[in-house]
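Starting from the given sequences, assemble the full structure and let the hints guide the process.
Protein chains in written order, with the numbering used here: chain A, 428 to 737; chain B, 18 to 268.
One or more hints might be untrue.
[Said to hold, decoys possible] One side of the interface only, derived from the structure: several residues of chain A facing chain B at Cβ under 7 Å:
| hint | residue |
| --- | --- |
| 1 | G501 |
| 2 | M507 |
| 3 | Y520 |
| 4 | D547 |
| 5 | E581 |
Simulated from the structure, these hints should not be mistaken for lab results.
Where is the CB? At the ideal position from N, CA and C, for every residue including glycine.
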Amino acid sequence: MVGGDAAAVEVRDVVVRYGGTTAVGGVSLTLPRGRVLALLGHNGAGKTSLLQVCEGFRRPDDGVARVLGLDPVGDHDALMPRLGIMLQSGGVYPWATAGEILRLFASFAANPLDTDMLLDRLGLRKFERTRFRRLSGGEQQRLSLAVALVGRPELVFLDEPTAGMDTEARHTTWQLIEELRTDGVSVLLTTHLLDEAERLADDVVIMRSGEVAATGTPAELTSAAAIEVLELRADPGLDLSGLGSRWTAAEPASGQYTISGALDTAGLAEILAWFASVGADVTAVNTRRRTLEDVYLSLTATQTPVGATK
Amino acid sequence: MSTFAPAPGRAPMRTILATQIRMELLLTARRGEAVVLAMGVPLLVLLGAGLFDVTNLPTTDRLGYVVPGVLALTVMSTAFTGQAITTGYERSYGVLKRLGASPLTRPGLLLAKTAAVLVQIAVQVLVLALVGLAVGWRPEAGALLPALGVTVLATAGYSGLALLLASILKPETTTGAATLIYVVMLSVGGIMFGAPDLGTAGWFLLPLAAHAEALRETLMYGGSVPAGIWLALAVWAIAWPALAARKFRWE
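Dropping the structure here:
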């Protein structure tokens, strides 16, 4: 197979410009085979533009994209049978029924999945004879997902896969994506949902204003900061100056202390030892960890306001 | 159970083309206004101008003059107007983009579209010819081959121009332009009235008039197609599809 050992997706210093606006400003990322990578970011962060480059719809203005070792634009015809692509919206004949559309795309594939099974799995069986334009947004999304998967691709691109779906459909879709991963399919998805990225992705790439703001596994992204704040309840009015310069301590309310700084295990032990040494009676201890949401918000907070670039 | 274990691959091209052509035809049949435009107007012109003295024609054999013109009109309305409008909207709905992200190749899509148009035209021409025969049209059968030849050239030229317009204009503009060109051609294309005599240049500007004239020469008189018409339609058949192939976009 052509490019059999290459990464599923390899993007190096890719730049995408629309006129004078830079949508993607030099992004690099790698999706190894059989893994799930989530591009996380606000609307306008450049996620879809980057995906368009990987799908071969846009030639990057600078940099290189390789998909399964091939050039998405130049090797379009060789690549397409191996990919499953879910566009952000539309992309389907409005007057064709859900069943007709899925069977059309199934007929393009050498070894298609059973279309009835897919309709059942995505809860679309009762809409088999419903025309696309009569489907709700969430139902259209599910059909688009089915179309992306029907050819048994080795790599799928999912652009905001659960947008417009209700909670139940979202969970069905998440289970399906987890199953894809188990079965060895590589997945590149975009999302602005933190729980979606945290649950599905092996690797998260946080994008901000067309650039990579952070990369790592969800655990790495959240644990890099470890425990962020230690909260203690003890006797009020303690003189905190004796605690040491490795920490920043405050008493925002009487008897309630917040401490940040070196909060590894040894640091925690030292802090508690200090409270004991001054004879304070500690009655409650609480730690606050950064969530992916904190990381995300701190990284994306400096972004230009939504709509300012449009 | 590994339901989704990758097993990618492209189906045989003939399977892909067959299902895509079937889908194109199914959707055309489903759109009422397309069917009316494709069949209703030509039928109305055939029966109206063919049977009644509603317009001045350069001949007394009204059906002999009108029916070939109506056949030419049908080819234009299907291969050009219908094709341009449909393709324009398919682009705006993202259908072309979606198909571009599938194992269907670009030549595959253009081939499927052309084949679907040819099937439609064959059915429409057959129906109109039968209606014409039923109301008294008596064509010459001796020059069918050149009649068929100019029709294939006209179809290719119209189809190319339609795909070009749909590639470079917004769908609303495409619809407007395609309808306007249809109406202008219908008025001055030598269908219901004699076409303005612009000499050989006229054949290049008014392919409908050229096609209609060629069909009259062959089907009405059993004669041959003038060289100027062959040339004009051949230029259309090569230039527009070539330009369309360069400008065609999935998005």
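Tested hints:
Interface restraint check: G501/A against chain B, minimum CB-CB distance 13 Å, threshold 7 Å, status violated. With its C-beta approaching chain B no nearer than about 5 Å, M507/A sits inside the 7 Å limit, and its interface hint holds. Nearest Cβ of chain B to the Cβ of Y520/A: about 6 Å, under the 7 Å cut. The hint holds. The beta carbon of D547/A comes no nearer than 12 Å to any beta carbon in chain B, farther than 7 Å, and the hint placing it at the interface is violated.
Proximity of E581/A to chain B holds as hinted, the smallest CB-CB distance being about 4 Å (cut-off 7 Å).
Of the hints listed earlier, those the structure fails to meet are numbers 1, 4, in rising order.
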